[in-house]
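Novice: Chain residues, written in single-letter form:
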Amino acid sequence: MKNILSQMLLPQFHKFYIAAIILTLIFLPLLGLSQYVLRIMIMIGIYAMLAMGLNMLTGYTGQVSLGHAAFYAIGAYVSALLATTLQLNFFIAMLAGVVVAAISSLLLALTTLRLTGTYLSIATLGYGEIIRMILLNWEPVTNGPLGVRNIPRPSFLGYELTLANNGIYYLMLVLLGIISLLCYLIINSKIGRAFIAIKEDELAAQFMGIKTTGYKVLAFVISASIAGAAGSFYAHMIRYIDPNTFTFDTSILMLSIVILGGMGTFRGMYVGAAILIAFPEALRFLAAYRFVVYGLILVLMMRFRPQGLLGWRSSNPYRLSKQVSEMLAQEGNREITLKPFEGKEEAVKG
Amino acid sequence: MAFLEVKSISKHFGGLMAVDQVSFKIEKGEIISIIGPNGAGKTTIFNMLTGVYSIDAGEIDFEGKPIHNRSPQEVVSSGISRTFQNIRLFSNMRVIENVLVGTHIDTHYSFLDVLLRTKKYKKYEAENTVKAVEILRSIGLGDRIHDYADSLSYGAQRKLEIARAIATNAKVLLLDEPAAGMNPQESEELLQFIRTLRDGGYTIILIEHDMSVVMNISDRIYVIDHGKKIAEGLPDEVANNPRVIAAYLGGEKKYAENS
Amino acid sequence: MLKIHNLNTHYGNIHALKGIDLAVNQGEIVSLIGSNGAGKSTTLLTIAGLLKPTAGSITFKGREISNQPPHEIVKMGISLSPEGREVFPGLSVSENLTLGAFIMKDKAKIKTAFERVYELFPRLKERRNQVAGTLSGGEQQMLAIARALMAEPQLLMLDEPSLGLAPNIVAMIFELIQSINQQGTTIMLIEQNANMAMNVSHRTYVLETGKISLQGDSKELIKNQEVKRAYLGVV
Amino acid sequence: MIVQQIFNGLALGMSYALIAVGYSLVFGILRLINFSHGSVYAFGAHMVLMFVSMNLGLIPAIFLSILLTGLLGMLIDKTALQPLRKKKSIPIAGLITTIGISYIIQNMLMILFGSERKPFPALFDKGMINILSVQISSTQVFMMVVSILLLAIMTFVINKTKIGLAMRALSQNVKAAHLMGINVNFVVIFTFFLGGASAAIAGTLISGYYQIVYPTMGFVAGLKAFSAAVLGGIGVLHGAVIGGLIVGVSESLAAAFLGGTYRDAVSFIVLIIVLVLKPDGLFGKKGIMKV
Amino acid sequence: AGTAGSKAESVVKIAVAGPLTGDNSEYGIGFKNAVELMVEEWNERGGVLGKTIQVVVYDDKNSGEEAAAIAEKIVGDSDIVGVIGHFASGVSMVASPTYQENKMIEISPTASHPDYSSEGDYIFRNNSVISAEAEIGLDIAINNLGRTNIGILSIKTDWGSSTAGITKDLILANDKLNLVAQEEIIEGSDDYSAAVTKFVNAGADVIIVAGMYNTLAPFAKQYKQVNPDIALVGFSNAYSYQLIELGGEAVEGVTFPISFFSGSTDPEIQSYVQRYIEKYGSAPSALTSQAYDSAGILLQAIENAGTTDREKIKEELYRINYKGVTGDTFFNAIGDAQKTYVRATVKNGAFVKVE
Ligand SMILES: Nc1ncnc2c1ncn2[C@@H]1O[C@H](COP(=O)(O)OP(=O)(O)OP(=O)(O)O)[C@@H](O)[C@H]1O
Ligand SMILES: Nc1ncnc2c1ncn2[C@@H]1O[C@H](COP(=O)(O)OP(=O)(O)OP(=O)(O)O)[C@@H](O)[C@H]1O
Ligand SMILES: [Mg+2]
Ligand SMILES: [Mg+2]
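Protein chains in written order, with the numbering used here: chain U, 1 to 350; chain E, 1001 to 1259; chain B, 2001 to 2235; chain H, 3001 to 3291; chain S, 4001 to 4355.
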């Protein structure tokens, strides 16, 4: 039994699973799911995006943000305001939301460069609250507590995407796909390795020549941009936003997904989001006890899997690209003499 | 002009003079050792060389250029790399990934290359991976590349630290007690490995309390006590220096037994 | 004094100790040697109660201790100077030492214990107000050993006490081991420098990948060809 | 008016300080941000209310509540956090656990007591004192005295007693603490007891001051208190108190000169400015980093 | 969707949506209680159109995200003829596009956002209209309490800010009145000392408080410690027995406009209050009573329409003139309830009408 299971987890099967899941997701709406279920799927998608972004910062780089709702809010507001006042197209408005979220995260990261650990977390928490206060107080622009209403739905080539025509759902899938791909590309590069090295041992990372502050700022900007994109999508999906959506609770929910799913994993983000968004809905029958049980679930899940649901070390070998394997095979087991680096062109002397 | 020259550097912590006007130099391809009693200031010298601490006075020149009071990153990119007295690996990364992090500094592709998976990206990734595997093979960790760093035994972890330091394209390696925690057999292997590095052209500065290693490998030895240099010279000279014996080696020359 | 029977310890899936049998008699110095990763440290950690064995028994003075929490084991008179020093980095040297005597109630005894370790390690006395985290590696090692001595244990376990120490201090430590042993403390010793360990100890166990492969009188084992080749670095 | 506003801020700050001490205590020992502290604080206040309604008298009610809330702290550790320690999990896992616990406590309080604001008996209400045209209520004075007392006791326990030494040792190196013969679980549970008891004291005093209790009372106050603890240098108890006062005064002044809706923003801006200038908080020690 | 009338079911469902968990659950639970009470009364009389009325309750935790999902759930159930809810305007407005698109009637007893009811013709509000109430509030300050140095305290929500804004304009338009200070607060803190000090220093003799009971009561307490002579004006949504419970002596003399008065001699209101207390153990507040009437209005409209076809019911709603416990209610063209107000004050720990 265990053998079959571990067989199924072999890397050669991975592609197959991923393809199967993607296909299911694509054909799901055609099965006549209710709009209620669809909406929940969309919320799961949004939180998966948010978690994916926060994961870059917290899961991989080890910087715990307790104020990520701020970037979610900025993306939502910038995009919503541009779309309602200037009638900008959704995609352009979203781009603007992403850019502003990125810039604001850059400012935050640059001011808090010297902070580490809990001190950084609290600074981000403070930042989240400050942004919310700005949304509430800067009435001429944000409309204060009245929020922004009548946000246009996304439209694509003149075709309006709604819940009913599944357009919103597919847009969510596409966005989530793009964000996942981006994260995948970044993590599987020197940037990703630098992120993880910083999380593991920042000082040692510096001695590897990694400009740690630069990479931490980069992680901030990447994760804030993703949150901004998710915020923009949320605003155009829900069509009314006010400061109450972007509270500390929202930041905590994102963080919970990242940790519960498994920091520094991809699959954990989808599963974590699915669980934490679907549970409150599934627990409706409990009435007043709904969030008591929700809390209990959080406690129990951490108790039994403190490293996150899907946070295990892969027992698969490290994947060497074909090119590398060939180069190594060619080399065989020939004796290697290590020589110090002398500049690329210069011949090396003994 | 020496390859690496330390000119009368000092460092104090509060009232404690941890390093007091220490000077030494090393030529390309040499192995020198810094020895001395516990708390003499050896690790502090490494910390000043690599930018962990700023220096209170003095100068450090590498290849004719001053490198003191630079950030660790700048020091590494100039070609000086180190290991730590207390092992500092990226424990949740695999062995090969640890070494790949070491190649970071020599990976010159941009963010755009990453997103587009350009040829440049692929070339660097492939070359660096091959390089990493080669380093690991040569240090005897070729069959452990897939393991996670913290599942290695102590001795293997020390080797991995050295491999990671080499991967940064270092010309000078600063090794802080590399043989600590190794049994005589393993120290002997390490000794051989350090020799081959030297033969390959690396310059090495060693801090070590294991005299069987120090005396057998060093071209020259500097002895520090209470932050001050108290002796320098060839291994034999140092080993027979009464001051060194009194302050450090103790009554008998135990190292001789194992050579 | 200490009897270990069929001891098994796991780290998750890793089977680190695979049925160890070992005994330490009152007044002995017993050394434990073996290559990297053989399971030496694991054995001591299991005795100290920091790791829970998955099978087997450990009795100390006739009492089963494998099911006891670490602090109870310390109270019974077992003290460990662990691998990796494990000092309290933010506390001062003297606070570290005070903690070494945590289980002792008698103030006067604590005072003499302080005097004794300060005499043994004048460097620690000199630095008694420095926070331990800023000590040099060797100074921390001294602190770890001194701290283990503070509780005046009946069984003292030292995991690589010479690690990172200057040769003259190493020599001092080995003299110390012999002298406190003569004063009645039983000692279990792990050393990479097997030669020195076997020179001071009465008996030696050789560990290989979680199992005892050899055991016997240190004086005899030191002549064993296999031991010589594998652990003493002489061919 | 400025003087009056500063005094208003000090009184408010004292309330943050009272809560902050509990955060700081648990963080100082366990490196754990105990997100359940805010709801434990609300729990403490509700228990007083419950015992009062059982006609036990105010003082016995307060003591019972302190005891019971302390026990709740112990229960939290025993059932939820101790298993995590056993598994040597990453510290942040504990954070999610405490969030879960805070959900449980808060929602249970709502089910049992309702979410509405309920009146709480006034404590030590002897009217206002007027000093140089500054109005101070006797309750405020009382609150300050108790906070300083609480701080003094806690500081004494941590710095001068054996269990305090064990607590500090534990915060530095758990493995070594075991080896010293310290009963780690006991010390942690004791810490949680102190944390819970201090939350109950804070809950009682603050509720007595505002004469209000409700299940979510610990949310915003807890957030501010936690920031205050960090501002002062988390883990340093007097830092928590000073941090609380700074947050309180900056809030009060912001409300006075910019308007009430800016108070939160300003207090967080002050927090960030302080941290940018002093990255380890006002009294925080720099982490010992020896390479 | 939306033609539930074709079904030959023997039940008619009404949904209640509001916070049943979370910080605002007291209000959501009030909704649920009130609607269930109203439905019980109707069912005792034989239901509506001969069918039994059933209440289905949805908890939105006062969160927009949850409300959006719930709305989909509600419109997916073709037996439901209308929704009483949601609580906060922001939450209502996330859900209302879904209701509007699916021709589901929504009557919010509490939403106060100025634009809420213009979300569509199926979207109604049975809450007081801010401008009308603000005017009366000010009139109370001047004529009932005889004060002219006015301070305004408001909570920073759509309702609080709008009320404060309108009140302020009215004061500025009147030469005899002084606006001495205006303060806004954010919910979450119970500390009003900064605002009190400012009002005191500005020499205010009356404060108009645009907040619920949970702002008004502690504010009164803290204010009266410093200045026992201050006069306070509240609004109808602070009308709740909890105001007195929480404020004690400090709320003596607080006066507000109300459309629901629990001490009314009207037998209908008497019996409602009685029944409510019997069933739930506490007196109904103004907001709860608005929910009670909202349910009554919806049911009356169904009866008037003679069908469960939601389009027809909606049209009936625009024609209705409902005599409920919160006074006579009719909706204007955009779906806002128009109400008549009386004034009440707290005297000797009870609400009494001001003549
Ligand atoms: N950050 C610091 N603050 C205070 N004192 C320090 C600090 N770093 C080092 N020291 C002190 O400076 C002295 C030199 O320390 P260093 O680590 O350089 O010694 P070392 O020669 O490497 O010794 P060892 O052989 O034991 O590793 C020691 O006495 C140490 O206690
Ligand atoms: N924390 C751990 N997690 C997983 N495996 C471990 C852990 N610690 C030790 N091991 C494994 O257990 C085995 C025994 O380790 P142990 O530390 O006891 O060896 P040792 O004999 O003390 O070696 P060394 O001489 O290197 O100190 C090794 O294979 C090691 O890899
Ligand atoms: Mg050193
Ligand atoms: Mg070991």
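No lab work stands behind these hints: they were computed from the structure. In this text the structure is predicted, and so the values were computed from the model without any measurement. Do not take every clue at face value.
[To be verified] Computed cross-link-like contacts, DSSO-like style, restricted to lysine-lysine with a CA-CA straight-line distance of at most 30 Å: (1) H:3126 - S:4279; (2) S:4013 - H:3118; (3) B:2105 - B:2075; (4) H:3078 - U:211; (5) H:3278 - B:2211; (6) B:2003 - H:3087; (7) H:3286 - U:211; (8) U:15 - E:1122; (9) B:2052 - H:3078.
[Unchecked claim] Partial pick of chain U residues on the chain H-facing surface, computed with a CB cut under 10 Å: (10) 29; (11) 88; (12) 111; (13) 112; (14) 113; (15) 116; (16) 117; (17) 167; (18) 284; (19) 312.
[To be verified] Pairwise CB distance ranges (calculated): (20) S:4321 - H:3129: 52 to 62 Å; (21) E:1123 - B:2199: 38 to 48 Å; (22) B:2115 - H:3175: 45 to 55 Å; (23) H:3175 - B:2008: 36 to 46 Å; (24) S:4304 - U:157: 22 to 32 Å; (25) H:3063 - E:1226: 52 to 62 Å; (26) B:2052 - U:170: 46 to 56 Å.
Virtual Cβ for every residue (Gly too), placed ideally from N, Cα, C.
Novice: Does each hint hold? Answer for all of them.
Specialist: Structure-based check of all given hints:
This hinted pair does not check out: residue 3126 of chain H and residue 4279 of chain S have alpha carbons roughly 40 Å apart, beyond 30 Å. Note on residue 4013 of chain S and residue 3118 of chain H: the hinted pairing is violated, with a Cα-Cα distance of about 34 Å set against a maximum of 30 Å. Distance restraint check for residue 2105 of chain B and residue 2075 of chain B: the Cα-Cα separation of roughly 11 Å lies within the 30 Å cut-off, and the hinted pair is therefore satisfied. The hinted pair formed by residue 3078 of chain H and residue 211 of chain U fails the criterion: a straight-line CA distance of about 42 Å is larger than 30 Å.
Restraint check: the Cα-Cα separation between residue 3278 of chain H and residue 2211 of chain B comes to about 53 Å, which exceeds 30 Å; the hinted pair is violated. A threshold of 30 Å between alpha carbons decides the hint, and for residue 2003 of chain B with residue 3087 of chain H the separation of about 28 Å falls inside it, so the pair holds. Under the criterion of a C-alpha separation no larger than 30 Å, the hint pairing residue 3286 of chain H with residue 211 of chain U is consistent with the structure, at around 22 Å. Pair hint residue 15 of chain U plus residue 1122 of chain E holds up; C-alpha atoms about 21 Å apart against a cutoff of 30 Å.
Annotation: proposed proximity of residue 2052 of chain B to residue 3078 of chain H holds, straight-line Cα distance about 20 Å (limit 30 Å). Of the supplied interface hints, the one on residue 29 of chain U is violated, with its beta-carbon coming no nearer than about 32 Å to a beta-carbon of chain H, more than 10 Å. This hint is violated: residue 88 of chain U has a C-beta 29 Å from the nearest C-beta of chain H, more than the 10 Å allowed. The interface hint given for residue 111 of chain U is met, as the beta carbon of that residue sits about 6 Å from the closest beta carbon of chain H, less than 10 Å.
For residue 112 of chain U, the interface hint holds, the least distance from its beta-carbon to any beta-carbon of chain H being 7 Å, beneath 10 Å. Proximity of residue 113 of chain U to chain H holds as hinted, the smallest CB-CB distance being about 9 Å (cut-off 10 Å). Interface hint at residue 116 of chain U: satisfied, since its Cβ lies 7 Å from the closest Cβ of chain H, which is below the 10 Å cut-off. For residue 117 of chain U, the shortest C-beta to C-beta distance to chain H is roughly 8 Å, which falls under 10 Å, so the interface hint holds.
Residue-level restraint check for residue 167 of chain U is violated (minimum Cβ-Cβ distance to chain H is 35 Å; threshold 10 Å). The restraint placing residue 284 of chain U at the interface with chain H is violated, with a minimum CB-CB distance near 14 Å, outside the 10 Å limit. Hint status for residue 312 of chain U relative to chain H: violated, with the closest Cβ pair at about 13 Å, above 10 Å. Between residue 4321 of chain S and residue 3129 of chain H the CB atoms are about 58 Å apart, so this pair conforms to the stated range of 52 to 62 Å.
In this structure, residue 1123 of chain E and residue 2199 of chain B break the distance hint of 38 to 48 Å, their C-beta atoms being roughly 56 Å apart. In this structure, residue 2115 of chain B and residue 3175 of chain H break the distance hint of 45 to 55 Å, their C-beta atoms being roughly 28 Å apart. Residue 3175 of chain H and residue 2008 of chain B have their C-beta atoms about 21 Å apart, which leaves the hinted 36 to 46 Å range violated. In this structure, residue 4304 of chain S and residue 157 of chain U break the distance hint of 22 to 32 Å, their C-beta atoms being roughly 47 Å apart.
The hint said 52 to 62 Å for the Cβ distance between residue 3063 of chain H and residue 1226 of chain E, and at roughly 59 Å that hint holds. Residue 2052 of chain B and residue 170 of chain U have their C-beta atoms about 53 Å apart, which keeps the hinted 46 to 56 Å range intact.
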